[in-house]
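Q: Given the structure of chain A, go ahead and fit chain B onto it with the hints provided.
One line per chain: the protein sequences are A and B, in this order. Just so we're aligned, residue 0 is where the first sequence starts under numbering that gives the first Met the number 0, counting upward by one. Just so we're aligned, residue 0 is where the second sequence starts under numbering that gives the first Met the number 0, counting upward by one.
For the record, the hints were derived by calculation from the structure and aren't laboratory data. You may find that some hints are simply not true.
[Claimed, not checked] 25 Å max Cα-Cα, derived PhoX-like pairs, lysine-lysine:
#1 B/Lys241 - B/Lys278
#2 B/Lys278 - B/Lys233
#3 B/Lys2 - B/Lys310
#4 B/Lys310 - B/Lys6
#5 A/Lys262 - B/Lys233
#6 B/Lys310 - B/Lys320
#7 B/Lys137 - A/Lys262
#8 B/Lys241 - B/Lys137
#9 A/Lys172 - A/Lys292
#10 B/Lys146 - B/Lys241
#11 A/Lys292 - B/Lys320
#12 B/Lys112 - A/Lys35
Since this is a predicted model, take the numbers as computed values, not measurements.
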Amino acid sequence: MDSVILFCQQLVNGISLGSIYALIALGYTMVYGIVKLINFAHGDIMMMGAYAGYFVLIAMGPTPVGFCAAMIFAMIFSAMLGISIERLAYRPLRNAPRLNSLITAIAVELILQNLMRVLPFVGPNPRQVPQIKIPQLNIGNLSISGISLFVVFASAILMVVLNHIVNYTKTGKAMRSVSYDMQASSLMGINVNKTIATTFAIGSLLAGAAGLLYATAYPQVDPMMGYMPGLKAFVAAVLGGIGSIPGAMLGGIILGIAETMVKGYGPSAYADAISFSLLIVILLIRPTGIMGKKTVVKV
Amino acid sequence: MNKKILKSYLVPGITALACVIIPAVLIKFNFLSAYTAGILNQCAIYAMMALSVNIICGITGQLSLGQAGFMAIGAYSTILLNQMLHIPVPVAIILAALISAVFGFLIGFPTLKLEGDYLAIVTLGFGEIIRVVLTNLKDITGGPNGKSFNTLLTFLELPKFLIFTSALIILIILIQNFIRSSYGRAILAVRDDEVAANANGISVFRYKMIGFVVASFIAGLGGAFYIWHMGFVKPEQASFAKSIDFLIFVVLGGMGSVTGSVLSAYVLTILQEGLRFLKDFRLLFYPVILIIVMIFRPQGLLGTNEFEFKKINEYRNSIKKFFENLFSKFKKGGNK
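Just chain A, with the same shape it has in the complex (with noise of 0.2 Å):
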């Protein structure tokens, strides 16, 4: 019966991993999808949602109020990141060959761990995150920590939210028109600066709300905490299949669950070398990831 309990335990705590690397790889998922760049900023810029979290967080207490607010602040703050980002750096590279872009991309990833090194009031150290108590959610053996249950929970939401804007909007019928084509749609009268901008906004606030869940669960914010996950985020995005968003979410948690499983069965410390395999593996047996389509390049 333990073996049982255990395991749904390392699911819970899977899906729960894997709801945030879901929630980061959909903004690289989206922003691949109508840019065709992988935007190496992004696990940044959900460190920058984290830190922005964490300081209401701190001014406010940990209450629930608290929470909302701070959560609230972290996606707007990361929007905005987004926006400028786009604006600055990636806008006058738009039609440059496809590596301009990614090194700038790579340059702006340097750029925001360094500014948060050399900031009088973060500094390079860790800081601990103040918790918040959510009750064990207890049936019968199975005790499941509250703030799994919580960070699913969060995302799920998340997700349904922008699942509707992205298929039942306005802005979302743009975005996929966008990313199908970028030219026939500026002429059908798109906004297609806009339409971008608006992309990395989602992107980037569903990477900050992602960045405050991943330092309540983790409880501690470094400027290099949005390395791995970044990492580990895209990785799920190609899994999935980068540019469709149903299989960044699907990417995301059967890594969160890869990784958890490798964790509390395998040899744990190789789950981060087991989660490049199991992506290594995926692109030789079907190299467009899970739910990617496949192009056919014309001459």
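A: Just chain B now, with coordinates in the frame of chain A:
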């Protein structure tokens, strides 16, 4: 012999000799401190890594984000070959480079069929896997604390300078010849247009593989020299951040330009040392330059051209134009 041909061999030949001999003499008579010599040695190693990345990114036209992984393989293989099998260091270095090349072949075999961004991601994943494996094989690699490797030469900057710089110059010559051989031309054709190259009977996969293996060999060599120079290596040497450093050299110098990447490796490495007084702010300086170059000179400083002495005036003019361009763009308030 034709006078023109003689001249075209003589000028680079003399420059190459001067590059080795003048600093060596300066080091010998203590005009350059051991610290400076150490930096020059590091520059030579980083220039090798830049060459390796350049072969994949600039010449084969594939994006690799895991070159540091091959470097780490080269470094660790050198230590293990020397300490466990007692192979003398020079042989160990060549063997280590060959081991890296074998890894390049093994990684390239399944992955070179992927395209563009996907290859970048797989190489990135490969680098991270190497890092995690090196961290965890504690018995062999020393785990996260790294492994030290002290030979007599680790502390003698002058012989190291002679060896590293000569090796670098030989590598440059070999690579230049390689690019101009029929293999090199085929690889360039694959870079410029895969479909057209394929239609002309060039096996795309085969030539990508050749480029990839050569690049891994050079990266392994760089790693072997690195461990010889530093006397110490950590699993972090295989991390994504290191690979990015090497990629930055190539992008700034100009993708596809051998001299460009070597020059920018030297300039940036020295710059990083020179800016140490800025403390952590120095880390901000670097990416900002990168973004400015990407926006205003997207092809890198030298583009795909090689550095030539007869073009020095042209360079001066283009630098002038670059700054004029920069200021006018800022006056106008950003890009269109």
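Q: Hint by hint, say whether it matches the structure.
A: These are the hints, each one checked on the structure:
1. Only pairs whose Cα atoms come within 25 Å are accepted, and B/Lys241 paired with B/Lys278 is accepted, the gap being roughly 19 Å.
2. Note on B/Lys278 and B/Lys233: the hinted pairing holds, with a Cα-Cα distance of about 23 Å set against a maximum of 25 Å.
3. Of the pairs offered as hints, the one joining B/Lys2 and B/Lys310 holds, with about 20 Å between alpha carbons and a cut-off of 25 Å not exceeded.
4. A distance of roughly 15 Å separates the Cα atoms of B/Lys310 and B/Lys6; the hinted pair therefore holds under the 25 Å criterion.
5. The suggested pairing of A/Lys262 with B/Lys233 holds, with an alpha-carbon distance near 24 Å, which does not exceed 25 Å.
6. With a C-alpha separation of about 15 Å, the suggested pairing of B/Lys310 with B/Lys320 holds against the 25 Å cut-off.
7. A threshold of 25 Å between alpha carbons decides the hint, and for B/Lys137 with A/Lys262 the separation of about 18 Å falls inside it, so the pair holds.
8. Using a Cα cut-off of 25 Å, the hinted pair B/Lys241 and B/Lys137 holds, with the two alpha carbons roughly 22 Å apart.
9. For the given pair, A/Lys172 sits about 19 Å from A/Lys292 by alpha-carbon distance, which is consistent with the 25 Å threshold.
10. Taking the CA atoms of B/Lys146 and B/Lys241, the gap is near 18 Å; set against the 25 Å cutoff, the hint holds.
11. Under the criterion of a C-alpha separation no larger than 25 Å, the hint pairing A/Lys292 with B/Lys320 is inconsistent with the structure, at around 45 Å.
12. A C-alpha spacing of about 20 Å is found between B/Lys112 and A/Lys35, which places the hinted pair at or below 25 Å, so the restraint holds.
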